[in-house]
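Since chain A is already given, all that's left is putting chains B, C and D on it; use the hints.
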Amino acid sequence: MYFDSFADFIAMGGHGTFVWMAYACFLMVIIWNLISPVMRRRQVLESARRYWRRADAENQPPSVD
Amino acid sequence: MGNSSAALAAPCAPVRAGDPLLDARGITCERGDKLLFDRYDLSVKSGEIVQLAGPNGAGKTTLLRSICGMFDAEIDTLIWRGIELSSPLEYADELLYLGHMAAIRPHLTLWENLSWYTCLSQCSDMSKLPAVVAEVGLSGYELELASSLSAGQKRRIALARLKLVDCRMWILDEPFASLDSAGVEMLCGWIQDFVQRGGSVVYSTHQPVDFANCESRTLDIDQKPWGYNSESSSGSKGESFSEPAR
Amino acid sequence: MRGGAFRYEFLQAYRRRSELVNPVVFFVMVCAMFPLALGSNAQLLAPLASGIVWVAAVLATILSLDQMFRQDFDDGILEQMELSEVPFYQIVAFKILAHWCLTGLPLVILSPLLAMMLYMPSESYLSLIVGLLIGTPILSLIGAIGAALTVKIRRGNIVLALLVMPLYVPILIFGSTAPLMAAEGTVPAAQLLWLGAILVLMATLAPITAALSLRANIYGS
Amino acid sequence: MNWTWFHKWGSPKWFFQKTEALVLWFGFLCLILLVVGTVWGLAFAPEDIKQGNSFRIFYIHVPSAILAQSIFMAMAISAVVGLVWRMKLAHIFVQVAAPIGASITLLALVTGAIWGKPTWGTWWVWDARLTSTLIQFFIYLGIISLYQSIENRDTAYKATAIACLVGIVNLPIIKFSVNWWKTLHQPATFKLTEAPSMAAEMWVPGLIMLVGFYLFFAFAVLVRMRSEVLEREKRTAWVREYLEKKNVL
Numbered sequence: 001m002y003f004d005s006f007a008d009f010i011a012m013g014g015h016g017t018f019v020w021m022a023y024a025c026f027l028m029v030i031i032w033n034l035i036s037p038v039m040r041r042r043q044v045l046e047s048a049r050r051y052w053r054r055a056d057a058e059n060q061p062p063s064v065d
Numbered sequence: 001m002g003n004s005s006a007a008l009a010a011p012c013a014p015v016r017a018g019d020p021l022l023d024a025r026g027i028t029c030e031r032g033d034k035l036l037f038d039r040y041d042l043s044v045k046s047g048e049i050v051q052l053a054g055p056n057g058a059g060k061t062t063l064l065r066s067i068c069g070m071f072d073a074e075i076d077t078l079i080w081r082g083i084e085l086s087s088p089l090e091y092a093d094e095l096l097y098l099g100h101m102a103a104i105r106p107h108l109t110l111w112e113n114l115s116w117y118t119c120l121s122q123c124s125d126m127s128k129l130p131a132v133v134a135e136v137g138l139s140g141y142e143l144e145l146a147s148s149l150s151a152g153q154k155r156r157i158a159l160a161r162l163k164l165v166d167c168r169m170w171i172l173d174e175p176f177a178s179l180d181s182a183g184v185e186m187l188c189g190w191i192q193d194f195v196q197r198g199g200s201v202v203y204s205t206h207q208p209v210d211f212a213n214c215e216s217r218t219l220d221i222d223q224k225p226w227g228y229n230s231e232s233s234s235g236s237k238g239e240s241f242s243e244p245a246r
Numbered sequence: 001m002r003g004g005a006f007r008y009e010f011l012q013a014y015r016r017r018s019e020l021v022n023p024v025v026f027f028v029m030v031c032a033m034f035p036l037a038l039g040s041n042a043q044l045l046a047p048l049a050s051g052i053v054w055v056a057a058v059l060a061t062i063l064s065l066d067q068m069f070r071q072d073f074d075d076g077i078l079e080q081m082e083l084s085e086v087p088f089y090q091i092v093a094f095k096i097l098a099h100w101c102l103t104g105l106p107l108v109i110l111s112p113l114l115a116m117m118l119y120m121p122s123e124s125y126l127s128l129i130v131g132l133l134i135g136t137p138i139l140s141l142i143g144a145i146g147a148a149l150t151v152k153i154r155r156g157n158i159v160l161a162l163l164v165m166p167l168y169v170p171i172l173i174f175g176s177t178a179p180l181m182a183a184e185g186t187v188p189a190a191q192l193l194w195l196g197a198i199l200v201l202m203a204t205l206a207p208i209t210a211a212l213s214l215r216a217n218i219y220g221s
Numbered sequence: 001m002n003w004t005w006f007h008k009w010g011s012p013k014w015f016f017q018k019t020e021a022l023v024l025w026f027g028f029l030c031l032i033l034l035v036v037g038t039v040w041g042l043a044f045a046p047e048d049i050k051q052g053n054s055f056r057i058f059y060i061h062v063p064s065a066i067l068a069q070s071i072f073m074a075m076a077i078s079a080v081v082g083l084v085w086r087m088k089l090a091h092i093f094v095q096v097a098a099p100i101g102a103s104i105t106l107l108a109l110v111t112g113a114i115w116g117k118p119t120w121g122t123w124w125v126w127d128a129r130l131t132s133t134l135i136q137f138f139i140y141l142g143i144i145s146l147y148q149s150i151e152n153r154d155t156a157y158k159a160t161a162i163a164c165l166v167g168i169v170n171l172p173i174i175k176f177s178v179n180w181w182k183t184l185h186q187p188a189t190f191k192l193t194e195a196p197s198m199a200a201e202m203w204v205p206g207l208i209m210l211v212g213f214y215l216f217f218a219f220a221v222l223v224r225m226r227s228e229v230l231e232r233e234k235r236t237a238w239v240r241e242y243l244e245k246k247n248v249l
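Protein chains in written order, with the numbering used here: chain A, 1 to 65; chain B, 1 to 246; chain C, 1 to 221; chain D, 1 to 249.
Keep in mind that the hints were calculated from the coordinates and are not lab data.
Any given hint could turn out to be false.
What the hints assert, rightly or not - Below 20 Å or equal to it, Euclidean Cα-Cα: the simulated SDA-like pairs (lysine to any residue) are: (1) 158/D - 144/D; (2) 45/B - 72/B; (3) 117/D - 12/A; (4) 234/D - 43/A; (5) 245/D - 50/A; (6) 128/B - 189/B; (7) 245/D - 41/A.
Bound-form chain A, shown alone:
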């Protein structure tokens, strides 16, 4: 471990705030790139479910393209 104490690890010789701010942005971008596709997927599954529910209700044969 490069730093001798955990407090020193947080302070990082005065540059700690910048380093941790940068890594916070990094974490935010990663999380956004995980949450956004999950919400999109839920929306897609929802619209597919609604589509098939209507298709079954009118019991048309599903058109295959």
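Then chains B, C and D, alone, in the frame of chain A:
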């Protein structure tokens, strides 16, 4: 102006069929340089269907819009349920106007469109919403965006408002446009039982329908656009050329 | 019932937010263009910073005004609004508020970021933000009148800009001089109070005027 | 040389089934690499002599900047494939990679600005590389707002592809003009030609982070593409089976 209707009785009070609802005398409309109507009279009794037939550009839409306050027509006298009013907007909350465009917001879902309409007028309640949507035949589409629906389905959403809001008079501008045969049947059934319950319907159409068991009248609007017009009484035709009196 | 009407206006504006947020991206780009054009030394850009931000804000608002009533007018929604029991001017006020939330507010939020890029002195950040917070609603309100007047004109965007631009001049002057005064240390009370007064005036008059002009357009169609 | 593999990738059904396992592998690997790279870069790597510990921002700034460039390159190639061979998947890739590219470019910009504060004294400097990255971010936003505002899906695909190609043509011009303008930025650290000038234990975590970033991009783009494929093919029978298997119906 504005749509205060304090002078009138509660808008959704029931009424006997037959007594006069609207009596508009001396309607004069000009659109561009065409004089569409010159002192035209229109009277509608409650429990009656008035169909406006006529060629395109004869002024059917303009007449409908002027009696519901959407067109700046000069009306000499306007009597609504026996009370003289200055502008049609004053009885706006007792009538339902479905324009040529299906007034649907493409970016909202069907459910949001209809619940927005219910929150616009007092005498309509949200509880009837699911039943009305099912009756209109769009039961699976509540959460679909209106932009993804077809023109006929949008027209059905607009018609669903007829069931949501109970009022005295329906003014419909070519309601059968872009409706399939089932839709036309459904709408005719609705019109009949609305009229039997004492409401009155004025609508413009290209294929007049004869309603069996209720009182219906067809007005033939074929005013010549360049100023020849009939006598002031509604419906009859004459060739007398008269200066559009102001 | 009144609150409900706003919810749907905001929902519709939110669903179309890519149309309304594009002017905000335009705002950021215009502010980024100036340092590229004028060179990037701080002494030159600092005094110009507030003027650049305000001009960009005005242009961005004008770009986004055209969409305020046009779609509802074409769909025939405005007629139904007028026939409804909710007073027409209230619905128009809700529409303007929804429009401001999606165009004016992002401008205010992004303005410190751009002020930093333009080397604006740090004391004048607050007066820029407060000035924009009071100013952008006025831009939307006056713009709503312009949009209501030009709702039926097909190529209405230019006519709208010419109509509304002169009315924006006082707001631009008050708004852009406030940060300059703050940079010299004095509190720019005069400018911000004037902006507040104009905001109150416009908040009462603009919806009614916009409703009147929309009604005139509806009658004409 | 047979092109069957190329056209096989073209069919959404084949793509969907083949990437079922691949997505999990990418996700798993990228998680490990990113965690190892971050911990190593933050805690174990030595600090820079001149910049001190703020050098640790290097481990996310440089990989994100490189990834942002290569995402745009990948989008351009996929746009060409989509336009020339009319392959829907390629169009879907362009449309899906744009928001990820925008977020990575934003990350590069923000970490660059944060890193600039302790080393150059100000948050933002109108320096050649930062400015061209900012303009590239605007190009990403332009592409995203383009395909969000076009209703018809197929025209949206074509329009996005063409906008992407226009963007790629402009990138060297922007880089060249901005370089001419003024530069404070130090020359590129990761040169593909010769080994980096830094000590080994300083750039190795950087390399791990770079590979981790690429795997993360692959994971994110595959997840999004799979939902877009499901959306496009929702009327087909195999999607219906998939929905039943996932008891969504």
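Each hint, compared with the structure:
1. Distance restraint check for residue 158/D and residue 144/D: the Cα-Cα separation of roughly 13 Å lies within the 20 Å cut-off, and the hinted pair is therefore satisfied.
2. Taken as a hint, the residue 45/B and residue 72/B pair is broken in the structure, with Cα atoms around 23 Å apart against an allowance of 20 Å.
3. Annotation: proposed proximity of residue 117/D to residue 12/A holds, straight-line Cα distance about 15 Å (limit 20 Å).
4. Between residue 234/D and residue 43/A, the direct Cα distance comes to roughly 12 Å. Compliance with the 20 Å bound is thereby established for this hinted pair.
5. For the proposed pair residue 245/D and residue 50/A, the alpha carbon gap of about 17 Å is at most 20 Å, so the pair holds.
6. Of the pairs offered as hints, the one joining residue 128/B and residue 189/B holds, with about 18 Å between alpha carbons and a cut-off of 20 Å not exceeded.
7. Of the pairs offered as hints, the one joining residue 245/D and residue 41/A holds, with about 16 Å between alpha carbons and a cut-off of 20 Å not exceeded.
Of the numbered hints given earlier, the model fails hint 2 alone.
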